[in-house]
Structure formats: structure tokens, C-alpha cells
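If you want the building blocks of each chain, they are given just below.
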Amino acid sequence: MAQFQKPGWLDNGLVRWVDHRLPIFTFVSHELYEYPTPRNLNYWWNFGSLAGIILVIMIVTGITLAMHYTPHTAMAFDSVERIMRDVNFGWLIRYIHMNGASMFFIIVYIHIFRGLYFGSYKAPREILWILGVVILLLMMATAFMGYVLPWGQMSFWGATVITNLFSAIPLVGDYIVTLLWGGFAVDNPTLARFFSLHYLMPFVIVGVVVMHIWALHVHGSNNPIGIDTKGEQDVIPFHPYYTVKDLFGLGVFLIFFSLFIFFAPDYLGHPDNYIEANPLSTPAHIVPEWYFLPFYAILRAVPANFVGEWATAWMGFIFIEAKLAGVLAMFGSIAVLFVLPWLDRSPVRSSRFRPMYKWFFWIFLIDCIVLGYVGAKPAEGVYIAIGRVATIWYFAHFLVIIPLLAKFEKTKDLPKSISEPVLGGGGGAASAAASKPMEKA
Amino acid sequence: MNMFRTALVAGVVAATATIGLSSANAAGEVVHPPEHHWSFSGLFGTYDRAALRRGFEVYKGVCAGCHGLRLVAYRNLMDIGFTEDEVKAIAAQVSVPAEPNADGEIEDRPGIPADRFKSPFANENAARAANGGAYPPDLSLMVKARHNGANYMKALLTGYQEPPADKQVPDGMHYNPYFPGQLIAMAQPLYEDGIEYSDKTKATIKQQAEDVVTFLTWAAQPELEARKRLGVKVILFLLLLTGLLYVVKRRIWADVH
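Keeping their order, the protein sequence lines are chains A and B. Sequence positions in the first sequence follow the working numbering and run 6 to 446. Sequence positions in the second sequence follow the working numbering and run 2 to 258.
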């Protein structure tokens with residue numbers, strides 16, 4: 006049985022002296038050594054700590070890049086190339102940062118879908134979930150502004166398209182767009198403020214992450230079975246069990262990350278961003294980074310006559326109402342996550358005991374991948390139809406299917422406690438066999 | 002690269018990565034360039050030094066008349082086997098504006114290794130005026146700025162041909178199936194024995210194309226060799242570390258399982 010022990014170093018004289026005045030060591034002991042964690046967390050629970058680590062990696066590499074980067078339209082592109090060519094290991098720092106953004110979204114998307122599958126958003130973790138959605142929104146804003154900084158063609162045209170979305174807001178739309186631009190087009194003031202905000206926002210994210218973890222540590226982690234822990238036999242201390250498990254997961258992740266950094270650094274990017282921004286030359290297809298593609302598909306799915314004109318009429322504001330509908334759908338696709346805890350009234354958290362929800366979860370995951378695929382394609386032909394069906398399904402999943410399932414789904418019987426399925430039956434025999442070689446060693 | 006891609010796609014997350022690939026494909030309504038095995042492709046690829054040197058000769062003898070290489074410095078040539086004296090001689094062939102002299106006048110001086118490659122035209126307008134309105138783009142990043150850049154450029158350089166009967170080719174344009182729209186302002190640049198290699202290699206069109214693409218890939222990714230070398234070490238280290246962490250994890254968890 007796992008032991009909950011205060012660490013020995015708490016008895017050290019200096020530690021006690023400091024701790025009496027600032028109980029930082031008590032805090033560490035409480036949140037790591039004595040923090041009870043469900044004993045049955047699987048590897049899908051690794052992605053929370055991974056997200057925290059990649060956030061730190063992004064901040065460290067970002068601060069380093071900012072030492073060499075010049076936020077001016079005439080110099081930004083060349084300053085990035087100077088980093089790539091003349092700064093010691095500049096290519097490494099930049100490729101880590103560039104691919105790190107993609108890694109951050111891969112991790113966070115897995116983290117979110119983990120939450121969806123195991124019902125981690127349900128009581129008493131609603132605020133924990135909402136803070137997570139806030140982090141996602143902040144990440145999207147940060148990533149978008151960061152992508153503008155190299156001042157390539159996709160930087161410029163992506164910034165133009167996305168900032169123009171705000172013009173769809175009634176009454177104040179144009180004012181907001183002018184404020185975002187710092188003028189009447191995407192230009193040097195835009196780049197300067199995006200750089201400033203891109204440097205600021207990660208620290209805002211850190212602040213929300215602290216609250217996210219704070220909220221987590223009130224009731225502790227959810228778990229694959231989705232029932233509350235019922236005593237000492239259900240939990241183990243976070244350290245050393247989950248610190249070492251997270252470290253192992255970190256190793257696996259770093260191998261995956263390194264394959265991109267060292268062997269395919271531009272695989273996830275768009276070649277057009279190695280062409281310097283040119284306001285007079287519009288790329289044939291303006292495509293956002295892959296992690297925005299599902300939302301881009303939703304944006305384009307809504308209006309009938311707007312879709313085809315998107316690439317050419319970006320500044321025409323021709324179909325204002327249609328555009329507003331698209332923008333509302335896009336933001337709505339995130340907003341719906343905020344109210345998910347109240348849409349899903351099913352008392353059972355984990356999909357393991359929800360035979361129907363489980364299927365709809367996988368369909369929803371496929372739906373999101375389809376949306377991403379459509380988002381990468383030009384808005385024409387069959388892709389428009391697919392995009393619309395997938396968008397309708399996206400909203401139907403949250404607004405219709407989930408509330409109905411909560412009412413009509415017949416859930417399976419829940420186990421009495423976590424330790425029962427973990428220790429009972431075959432599990433005990435397997436652990437006995439596994440511990441034998443350890444005794445010899 | 003193909004094997005690597007296949008391996009990646011096998012991963013769960015790489016389902017999303019393929020979306021990145023298809024987004025890059027979105028721009029191409031053109032003929033796909035044939036795959037070529039380059040010296041620099043693969044996990045352990047390095048630049049063929051002889052090809053780099055020949056490629057520089059092609060760039061200098063053919064491309065440099067119209068296309069700049071403004072992000073590359075003459076000193077960078079020392080990284081690919083040119084001696085310091087050779088680089089000094091190459092740099093000295095151009096003249097660039099000097100700092101203002103004692104009278105405040107700006108005179109020209111010969112280039113030095115620290116200078117970047119001098120672009121053939123003073124500005125875009127001058128370039129367009131000299132090229133019938135077309136703008137020959139700078140080649141420093143061209144390989145990275147096109148999807149499947151190296152194969153695309155080789156296909157483009159060797160792909161000039163007679164247009165199909167139904168294709169109208171306006172004056173000053175040329176037919177090339179690999180160029181988006183199939184009409185390119187650049188005339189066919191490479192010809193059999195169009196240049197003479199200093200190492201006496203036969204200068205076929207294919208040879209020149211492969212050499213200059215190798216050189217331009219280096220110009221776009223001078224860090225490629227250092228990157229892959231470091232990458233192999235990092236991956237090996239991480240495999241070992243992760244293996245050890247797994248063993249530690251098993252031991253710590255032994256009393257819980």
C-alpha cells in the first residue's frame with residue numbers, strides 16, 4: 006500500500022526556518038507528497054502535465070527569440086532569417102518554438118478529448134473545465150498573433166482574414182478592426198501590437214493555468230472509472246508515482262517532438278510563409294495553421310453565397326450578414342464548451358459506463374477530423390456540403406445528442422470503488438507475478 | 002522522407018498532421034513533380050560537396066543574371082568547402098557601396114566575404130523593367146517557399162517543352178507543365194553544355210538542374226547537416242533516457258500494481 010508521508014527534508018533546520026515564515030515547503034509537500042491521486046489514472050492523464058511543460062518550453066524559447074527578433078514590417082522577415090542563419094543555434098530555438106505551437110495544440114486537444122471521454126467536466130469540476138476552455142481561447146489568440154510575427158505571406162494574409170472577421174460585429178465592428186490594426190490595414194502598427202500582445206499573453210495563460218491547477222487540487226483528478234475516490238485504498242500520493250509516470254510520458258513526447266524539430270521542421274507549416282509578406286499579392290489559397298482548420302471549416306460552412314467569395318472578397322464586406330453568421334458559428338463552437346457541464350446532466354462521468362455516449366464520442370472525434378480536413382480544402386464543390394453536415398453535427402452533438410443521452414441512455418452499473426476493479430479478480434494475480442522478480446533484485 | 006512520413010502518419014496524432022500536408026497541397030492544381038533521391042534527403046542526408054560546388058557555378062553562370070541570393074553571405078561558402086582565398090576572390094568580383102568617405106561621398110568598394118550576395122537589380126522596378134514586366138524572385142528561400150521544393154525546382158528547370166496544340170502561349174511567356182498555370186515568364190534557363198564545369202563533369206540539363214537545386218537547398222537550409230547530426234544524437238539520448246525512466250516507473254509502481 007502506498008504511503009502518504011511528509012518528505013524527510015521538512016525536518017531540516019533551514020527548511021523549517023523558511024517554512025515558518027513562508028510555508029512554501031509545506032505547500033510543496035502538501036501538493037506533491039501528500040496530494041492524493043486516484044491510483045487508476047491511465048496514460049491519457051499524462052497530457053495535463055505535458056501541456057504545462059510545453060508552455061514553459063514555449064516561453065523560454067520565445068523569450069530567447071525576442072532577443073533577436075525585430076517587430077518591424079521592413080525587418081521582421083529578415084530578422085527571423087538572421088536567427089535561422091547567424092544566431093548560434095538560432096535555427097534550433099526557432100524550430101522548437103515553431104513546432105512547439107503545434108505540439109501544444111496536439112497535447113491540449115488530446116487533453117480536452119480525454120476530458121470529454123471520461124466526463125471530467127462534470128460536478129464538481131465545472132470551473133476547472135471552464136478555466137481550461139479559457140486557456141484554449143488564450144492559446145488560440147497567442148498562436149494566431151505569433152504566426153503573424155515572421156511576416157511571411159500567410160502571416161500577413163492570415164492576419165488580414167482573421168482580423169476582418171471582427172468587422173462582422175454589428176455597430177462596433179469596424180471600430181474594433183481599426184483598433185486591432187492600429188490603422189486602416191494590416192501594417193507596421195499591427196505587427197508591433199501583435200508582438201507586444203504575443204509576449205504578454207503566455208503569462209496570462211500561466212495565470213489561468215495556476216487557477217486551473219488550483220481548482221484541480223480541490224477535488225483531485227477525475228479517473229477512468231469516473232467515480233469519486235472513497236478512501237486511502239483508492240489513492241496514491243502524486244509523488245513519486247505520477248511524477249515518474251509523467252516523466253516517462255515526457256520522454257516519449259520529446260522523441261515525437263524531436264522528430265519534427267530535427268527531421269521535418271517545416272512539415273506542419275505552409276511554404277508560403279517563406280515568402281515575405283506582400284500586400285499586393287494574395288496567395289491562391291489562404292489557409293490557417295492546421296490547429297485552426299476545424300474552426301475555419303465551421304466559419305466557412307454557414308453562409309451560402311459567402312463561401313465561394315471568401316478568398317477574393319475578403320475586404321469587400323459584401324455579405325455582411327452571412328459573414329456574421331459564420332463568425333458567430335465559429336465562436337459558438339467554443340462557447341458551447343463553456344456550458345457543456347450543464348448540457349450533460351447524466352450523473353455518470355466515464356464513457357466506460359455510458360454505452361451510447363461512447364459511440365457518439367467517437368463519431369464526434371471523427372467529425373472534428375473531417376472538419377479539419379474540409380478546412381484545408383478550397384471552399385468549393387463537395388467540400389462545402391461535407392463542411393456543412395460536419396458543422397451541423399458538431400453543434401447537434403452538444404445541443405441535441407448530449408442532452409437527450411442524459412435523459413434516455415441506460416448506463417451500466419458503476420463499481421463500488423476504484424480499488425475494487427483495480428485489485429479484484431485478475432489484477433491481483435498479475436501484480437503478484439510482477440512483484441516476484443523485484444524481490445529477487 | 003517518404004518512409005518517415007509513413008511512420009508519422011501511423012501515429013494517432015499524425016492523423017491531424019496529414020491535414021497539414023493536404024493544406025499545402027491545396028495550392029497545387031499542377032502536375033506533380035517526380036520524386037528524386039537527393040543527397041540531402043533522409044535522416045542521415047548530407048549535401049554532396051561536389052554537387053554544391055557545381056551548383057554554385059550554375060547559379061553564378063546562369064541564375065545570378067536575374068535572381069538574387071540576398072540572405073546568403075559570401076563567407077557562408079566557406080561552410081561548403083570553398084577556401085578563404087576563393088571566397089575573397091568571389092566576393093571581390095562585385096562592387097558595393099562603401100561607407101561615406103571623409104568628404105561624405107559614397108564610393109563603391111569591392112565586395113568582402115562578410116557581404117551578402119549582391120542582387121542583380123537595384124530594386125523590384127529595375128528588375129521588372131529589365132525582364133519585360135516579370136519579377137525574377139530572390140532564390141535564398143525558394144526551396145522552402147514551394148511545396149516539395151527541391152523536386153519541384155528540378156522538375157521546373159528540366160520541364161520546358163512544346164505546348165499542347167490547344168494551349169495559347171502569349172508573347173514573352175513559356176510553357177512549363179510544372180509551373181502553376183503552365184505559363185512562366187522565365188525562358189528555359191538550362192541547356193546542354195550551357196556552362197562548363199570546373200571539375201569537367203558533363204553539363205547535361207539534368208546534371209545542372211540537380212546541382213543547382215542542391216546548391217539552392219543549401220542556401221535555404223544551411224543548418225540542415227548540423228540539424229540532422231544533432232537530431233540523431235538527441236533521439237538516441239532520449240530513447241535511452243525514456244527507457245531508463247520506464248524501468249524506474251515500473252519499479253516505483255511495483256507495489257501498486
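Take the hints with a grain of salt, since some may be wrong.
[Said to hold, decoys possible] Capping the alpha-carbon separation at 20 Å, the derived lysine to any residue pairs in SDA-like fashion look like this:
id : chain 1 : residue 1 : chain 2 : residue 2
1  : A       : 235       : A       : 352
2  : B       : 229       : A       : 263
3  : B       : 119       : A       : 87
4  : A       : 11        : B       : 139
5  : A       : 235       : A       : 87
6  : B       : 229       : A       : 261
7  : B       : 61        : B       : 117
Quick caveat, the hints were computed from the structure, so don't treat them as lab data.
Hints, verified against the model:
| no. | hint | verdict |
| --- | --- | --- |
| 1 | A:235 - A:352 | holds (17 Å) |
| 2 | B:229 - A:263 | holds (10 Å) |
| 3 | B:119 - A:87 | holds (17 Å) |
| 4 | A:11 - B:139 | violated (64 Å) |
| 5 | A:235 - A:87 | violated (58 Å) |
| 6 | B:229 - A:261 | holds (15 Å) |
| 7 | B:61 - B:117 | holds (14 Å) |
Violation of the numbered hints given earlier is confined to hints 4 and 5; the remaining hints are satisfied by the structure.
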